[in-house]
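Produce the complete structure using the sequences and hints provided.
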Amino acid sequence: MTNIHSQKINPCLWFDTNAEEAVNFYTSVFKNSKKLAVSYYADGAPMPKGSILTISFQLLGQNFLALNGGPDFKFTEAVSFIVNCETQEEIDYYWENLSKDGGAEIECGWLKDKFGLSWQIVPPIITELMSSEHPEKSTRVMQAILKMKKLDLKTLKQAYAG
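Residue numbering for the sequence shown is -16 to 145, as defined by the numbering used here.
Simulated from the structure, these hints should not be mistaken for laboratory data. Just so it is clear, CB atoms sit at the ideal spot from N, CA and C, and this is done for glycine as well. Be careful, since some hints might not be right.
Each pair of labels, with its calculated beta carbon distance range [to be verified]:
hint	residue 1	residue 2	range
1	K140	K57	33 to 39 Å
2	P107	K17	23 to 29 Å
3	D(-1)	T110	50 to 56 Å
4	M131	A25	20 to 26 Å
5	S34	M113	43 to 49 Å
6	P107	Y24	36 to 42 Å
7	K17	K97	16 to 22 Å
8	D26	L50	17 to 23 Å
9	K97	Y23	21 to 27 Å
10	A20	P107	29 to 35 Å
Right, here's the structure in full:
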């Protein structure tokens, strides 16, 4: 079994009582992903004895911890996960799968999944397109991004080229 402590920094995602549903969803979207370990509430805990406390899991080799902590805290856009996508097909896949069943398309490559977690679905080339030595190219790319929800790689490259 993979040890979640083998990674120095591990995101912990706070859910009300649906951590298991969320982990099942994320591990179905991201290939080569898996649950690692489950812990349960004991007597005297704020949740019913035997209910899931935490689930450690991996998405594409990145360790996460899902916590059933109750309704006190919700996800905000202040934290998001970036999914670097090399092709339009990859952008389309993650966009469609992460935003389905109650998720929300935001703008500029951002979306929220059905649990309220924010994701940025972006091509890594965007850094190159936005950091041009030619400010007019970067401006055209930014103007194109601002008109999009899901990013269109072909349109971004066309904006860069002029």
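We went through each hint and held it up to the structure:
1. Between K140 and K57 the beta carbon distance is about 37 Å. The supplied range of 33 to 39 Å therefore holds.
2. At about 25 Å, the beta-carbon gap between P107 and K17 stays in the expected band of 23 to 29 Å.
3. One distance hint, 50 to 56 Å for the beta-carbon pair D(-1) and T110, is violated here, with the actual separation near 36 Å.
4. M131 and A25 have their C-beta atoms about 48 Å apart, which leaves the hinted 20 to 26 Å range violated.
5. In this structure the hint that S34 and M113 lie 43 to 49 Å apart at CB holds, the actual value being about 45 Å.
6. P107 and Y24 have their C-beta atoms about 41 Å apart, which keeps the hinted 36 to 42 Å range intact.
7. Our hint of 16 to 22 Å for K17 and K97 holds, since their Cβ atoms are close to 21 Å apart.
8. For the hinted restraint 17 to 23 Å between D26 and L50, the CB-CB distance of approximately 19 Å keeps it satisfied.
9. Remark: the range hint 21 to 27 Å for K97 to Y23 is upheld by a beta-carbon distance near 25 Å.
10. A hinted range of 29 to 35 Å for the beta carbons of A20 and P107 is consistent with their spacing of about 32 Å.
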